[in-house]
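**Student:** The chain contents come next:
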Amino acid sequence: MKIIVCVKQVPDTSGKVAVNPDGTLNRASMQTIINPDDMNAVEAALKMKDETGCRVIVVTMGPPPAMGMLRELMAMGADDGVLVSAREFGGSDTYATSQILAAALKKIGIEKDDIVMCGRQAIDGDTAQVGPQIAEKLGLPQVTYVGEMKKTGGTITCKRILEDGYMTISVKTPCLLTCIKELNAPRYMTVRGIFECGQKPLETYTYETLKDDPLIDLATIGLKGSPTNIFKSFTPPAKGAGMMLEGDDKDTCNKLASMLIEKHII
Amino acid sequence: MVAFKLTQEQEMAKKMFQQFAENEIKPLVTEMDESETFDFGLLKKMHHYGLMGVPYPTEYGGSGGDVLTYTLCMEEVSKIDPSVGITISVHTSLCCSCIYEHGREEQKQKYLRPLIDGSQSGCFGLTEPNAGTDAGGVLTTAVKDGDEYVLNGQKVFITNSGFADTFVLFAMTDKSLGTKGMSAFIVDKGTPGLEISKNIPRMGIRASQNCEIAMMDVRIPADRLIGKEGMGYKIAMGALAGGRIGIGAQAVGIAQGAIDETVKYVKERKQFGKAIAKFQNTQFKLAELQTKVDAARLMVWRAAVAKDNGEAYAPMAAMCKLFASDVANEVTRTAVQLFGGYGYTREYPVEKLMRDAKITEIYEGTSEAMKMIVGGTMLR
Amino acid sequence: MATFNNTDLAAFKDVWVYCEQRQGKLMPTDFELISEGRKLADELGVKLCGLLLGDDVDGMAKELGGYGADKIYVCDSPLMKNYTTDAYAKVICDAVTNLKPEVLLFGATNIGRDLGPRCAARLHTGLCADCTHLDVDVANYVEFLRGASTLDVDNMKWDTEDRNLKMTRPAFGGHLMATIICPRFRPAMATVRPGVLKKNAFDKAKADACEIVKLSVSLSEADIHTTVEEVVKAAKKMVDLIGAEFIVSVGRGIAKDVEGGIKLAEALAEELGGVVGGSRVTIDSGWLSADHQVGQTGKTVRPKVYIALGISGAIQHKAGMQDSECIIVVNKNKDAPLFEIADYGIVGDLFKVAPLLTEAIRAAKAAK
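Here the protein sequences come in this chain order: A, B and C. Residue numbering for the first sequence follows the numbering used here, starting at 3 and increasing by one per position. Residue numbering for the second sequence follows the numbering used here, starting at 1133 and increasing by one per position. Residue numbering for the third sequence follows the numbering used here, starting at 82 and increasing by one per position.
Simulated from the structure, these hints should not be mistaken for laboratory data. Wrong hints could be hidden among the right ones.
Residues from chain A that face chain B, not an exhaustive set, calculated with beta carbons under 10 Å [unchecked claim]: (1) K51; (2) N186; (3) R189; (4) I196.
Since the structure is predicted, the reported quantities are computational estimates derived from the model, not experimental observations. Virtual Cβ for every residue (Gly too), placed ideally from N, Cα, C.
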């Protein structure tokens, strides 16, 4: 049994976000972090490793510096890392990304007892699409928004969180689960893990490695193969000076409430 | 360290210490300081993640790191709470190092392993009511009786003694030989006759458990002697020499922590219609302080790398502690001043860092003792 | 090179809305999407169709017509009593492949965001997640940008013939906005953030005129690989300050009637689905427990909306809340420093303003 966790390195959008004059993100000025929901997926996998001794493989697609992130996950306890990186893969939207990651997962090999885990969504795009799309490309059943899970034999019982409650869903392995932060509290690296992670296997899959897979078709990967394109990107107007509302209390409150609704603030 | 850059492992470790300190230590700081207690849940986590065995080899259950990584741990932890820093330091560079450097293989297996693999904590007992900087004035005695030693005496200011499982204690086996008559022993918690007082009320680092120890006919097997009879003073001085690198790092952490808080505050605080960060006084003060902290950090790292490389590091360790502790006191005092009245309140962390900074000029050798070591080396 | 059967754009017509129902009840988002879909269908000059899946759900279909749908496709099967990704994705993909809509919209609910990507991957088409604005017509889009962006729209070139669905969404936590198109494949798919788009008024005549078409469903148990053990409705549990989207905090201003003041704050917080916080004085005085404290010694929060009632704004309070997305300050003293960082300020007595604001928000939400 093994668990493959798909992770993403993202700019930390929780602090100040710098935008270039042309409306694109100034990535150079921002710290990169491991996507928070992905950390919950890694923790879920490592917990299962603690219980069953299974192997945990972390996979990411990104530029070579993302290797540092894989090392960190190995210092937490993951056994193997795979970096999927190639010029041909650059500019992929969620569809193209899922094609490439699905091909990488096939290369690693998904067997009957295996589980693929992803974070619910990444904080740079907030799309929540790559997980389900990988599942589709691999023909695996999926459970998204997993807030609790329990494995009994080859069956995983998940609490799938909804806006107004939850569903309890059971699914057989192999399957793909996307994890939310309520699932667990991610662990830290251990100091020993840090000094030992350099010895763990870390592979790079390039275009050459994956190109024989039918999923890796230049018509369906990379910027050119992506079904969606960015038409425009822009910054919202700067927050103006505050507005002081005066006059009759009731009128003021009504005015404020309708402005809040109009601006989709509430 | 190569070309003033940390290695990938050291960078990762620094990040991990930062995350741990920010998420696990920070929420407990005020409560631990005010109640003068150490959170044992936290201690357990520190053990679990390997913060208590950083520079020791994995063959004994340690983390396999180096001394430089250990200084990163001390700095990052002490930025948030120096009390936690000293808890790690006494355990790691005083207690464990005595056993690691001078213990026999059975002692390492029996005592060092649990201390660094995450299960037990240790302390180091040298100082006595009448033997501080003059460590040769130790009055505790150890008398051989068959295949046992019998210890009698009193120790004071023993950090971690409130909860330690393993005590490294120093006693005179032959008073007539002076420092050459001192020996080092391993004593288990709970040994009959070993009495630990309550935490001594202090000005700073109030969460660390710093108590008095009384020994009344404490009988221990003779094989608890570390090294040979008469080696105690040398063992103690060796441990302290290494420990000072950690204290230097702790002082750097205190100073950097105070600067970080101040930088945040001066950007928020407005006086005379603008953020006080806009005033030249603020800018110049912060620039001066950061320059000194960087200098202190480089001295700490130099001593750490020298120790890692097996070079003579004792004078470098003494210098880095002397300088860094001085810087920590200046920085925290100035930080409180830049905060103004709010800095003096217990609502902001700088007053605590100022209280905590003072001890770095005193313990593991006072600043005056550091000057004796450095001067002594120069004029040898 | 792969070949695709959905690149002949002219073969695709009509705007479709996936109408989500849970346990036999339509979701409020359905009405928003139908209303928005009406606008898009009119811009494209095509029909607006709803797609309703479930077990015995055709009774709900007419209502959707009242918000603007021309036609509702109903897919009924006992195997779709509970939502499963496998069953729903199969039925949707089959219908799309047969009937070829050019636009397909989902609500960006936890179910829509499970289903949308699975369908898009199977249909080989683009999906834009969590959109907050949709356009077809270029002139309308330019007008939208004029208000919502810093772009100099008048000095940019626009292709007024462009008929692509322009799907706008926030990225990087809302610091950037992006408009996405899906120019080569059909249908163009989007999930749309609930609560953002305007809902049309219900029109009974339109509801009656709406055409209901039952589609045959090809589905067997072997298609479904997950088992729904139970579906539980539960009120959202109270979140703590960190992570709360709405926080109503009280300060020294409640001193004259502490209990009353806290009750008013609670009522306002409840209306917003948020939680109550407090400045240091409310904690030190024992009015609120310590876990409510916002500020230097308390928690640092970053909600969507922070409402400060009777808090003057000492620096240690500001330190804990200044990064909130929208700050509303209510204070009797017009010189209170917290007004400096307010997006909206009301000078007034919180005991009068808070209940009025609660009422006004309730009324405004109901009228939406």
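**Student:** Taking each numbered hint in turn, which are not upheld by the structure, reported in ascending numerical order?
**Tutor:** 1, 2
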